[in-house]
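Residue numbers (the numbering used here), protein chains in the order written: chain A, 1 to 348; chain B, 349 to 464; chain C, 465 to 715.
Note that these hints are calculated values from the structure, not bench results. Accuracy of the hints is not assured; some may be wrong.
[As the list claims (entries may be wrong)] Straight-line distance between alpha carbons at most 30 angstroms, and here's what the computed DSSO-like set of lysine-lysine pairs gives:
hint	chain 1	residue 1	chain 2	residue 2
1	C	478	A	242
2	A	168	C	478
3	A	12	C	478
4	A	14	C	481
5	A	219	C	481
6	A	12	C	481
7	A	12	A	78
Below are the chains, spelled out letter by letter.
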Amino acid sequence: MSVKYTPVQWNKNKWGYDAVLIALVVLYITVFIEVGTPAADLARPLDNAILRMRAFGTCALWMLTFILCIGPLARLDKRFLPVLYNRRHFGVLTAVVAFTHAMYVFNWYFSFTAQTTLAAMLASTNGFGQILGFPIEILGLVSLILLGILAATSHDFWLTFLSAPVWKSLHLLIYPAYALVVAHVSLGYFQDSANPVFGVLFVGSALGVAVLHLLALLKERKVNDAATEWVEACKPGDIQDKRAAIVTLSKDERVAIFRTGSSFSAVSNACAHQGGPLGEGKIVYGCVTCPWHGFSYKARNGRSPAPFTEMIPTYNMKLEDGTLYIDRKANQPGTDVEPIIYEVENDG
Amino acid sequence: MTIMMAGMFYLYVGGAVAVVFLVFGLGRIDENARGAWIFRPLLIPGVLLVWPLVIWRWVVLMRGEEKLDRHRMPRIRQERAQLVFVIVIPLILLVSFALRQDPASLSAPVLLEAPE
Amino acid sequence: MAKPQEPFFVGWGKVPKALRVFLASCAALLVVAFGALAYATSATQTDTGSGAIMGRTEVIGILQEKPYPVLHVIQSRHFEPGDSILLSGNGKSGAIDQAAGLDGKVVQANGFRLDRGDLHGMQLRNGQRGLKLAADQNQTLDIPVKSLGRWRLQGEVCDGKCLVGAMRPGNGLAHRACANLCLLGDVAPVFVSAGQVDGSAFFLMSNPEGEPVTQEVLKYTAVLVEVEGEVERRGGVLVFKVDPETFRVAP
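Next comes chain A alone, as it looks inside the complex:
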């Protein structure tokens, strides 16, 4: 929302979410070090540092894998939306776990020389021309820097400051970051592990992430980019009460037509916060409410109720022959538009 910024805006749901996240990490590291490794068939124990870099490294890998599943899952099944709600904390924690992994690497593999660890890392780097033996540390480091950028710009301030589209574009860096992690593991630990279990889990999960994204892509609606000024939307009766229909004007522009009883209003489908799909939201306490983080707006003017100050564009509509049409030209954010009134018959 807005009002004054605080370091972290926690609420009861986020506390619960974060508690689960922290439990996951603690459980993973504990099981890895205290239960799984003693059960492994090892002639002599591994170096403590290497054991920990493996524990934290694989933990960050699985966390990132799950994070990347949340978006497409929520697109495919709305029940996953609450998992998306606090995804940022998941991301920040993953960056912290990945950083811990990197610290063990630096302080072990790149220590014990006369140089600083970073200089030692760069000095030992060769093999850019080959695939096997490619310097996987560089892949990991670049990925870590990307995760660092994402974590460091996750506060709501950055959304307002950069604007949702720029912020979202910046946060698309999660894709190269994950691809780099996959390459980092593919050319490193995956090559070394003689037992196929890790390979199967790793390849299977990465392919799973790719398939989920493919399915979500295929689900995207078709575009209505005919050059007409008035775009045919839908029949009023097609919209459930307190819900919306989404109309696509162009690839980047969508409109949500909300129904409250017999009144219909059109607003931008992109929430001013993170660009969440408002049209998949609902009218709660008389306000359009975003399914992602619960930002709300009045449907007729696109303004958040006081004390909040967010605004989204509204759209003019007309009703012809029982069909709603949308004016392609958006109004300035916060412009009041008289709702279209239409009594829907036979509405259950």
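Dock chains B and C against the given chain A, drawing on the hints supplied.
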């Protein structure tokens, strides 16, 4: 060495930008930040890392140039990124799987020339 | 047309009842998944072999400087007479500087014993405390030198410190940069062959002239490769005088 120098330089400039921006710039462009100080240190790492972006946005907001673009999400960009992602991930896995070496398949030493 | 409305979650509000069960199951599933992943990933880790740091030791022996410093044991509490030990310094450094000028001399070495089956190593203490001329230069040892012919070997280039036991694991691609850092620090490169020649699968590497070969092998560290060269026995160690042009990534 050059890489490290460049990296240090980038972060130093970021540090300078962070100080000026967080102390003087922030309150002018975001009314929600006025009087809110506790959250500002949290922004330092972000400014250090993406300070060129910070300066660009700072200028845009100071000039009040922002338009309706703010409400158009970069869906095309996201779809393209996802499409590339969907192709690249299996490709990486395929290549690394194809090149995977098995120590068990190595052959035993071969004597090429017997000692004299 | 009125289908029952789906439950709708608002972050700052209460979680709808219908979703609570679903989310709780998600959380439970995630917890089970993370526990299972942790166990599956950790319990299937590859064995790193018997190499390890075995504690302090002291050795009297004859030093061989080239290609990399090796100590042929005359007497020691932990090594057999005739054993040959790869020497290294503290951290990721070799013993070339410490061994300079001591070739063929009887020396006294002090440091940590590294051991991996028939491959012996020692991490010397710094400076004179680690390696110095022995007081008694009259002790002798028969170091047999024998050419074993020209061989084509398949296997892995490792660094002769981590592999011997300074790190567990001390080989493989994940450890490659660390191995290269050791090699750049003048630690001896060791070839681990898929099969034995004259009873050993470990080879101290050199160039065809018997000189250090560090720069030429860096590119191939940790990758399974094939390479040709002369093999020579010197006391307890096999020296593999590789032709760098014959390096090839193993299929």
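- [ ] List, from low to high, the hint numbers that the structure doesn't satisfy.
- [x] Checked against the structure, no hint fails, so every one of them is satisfied.
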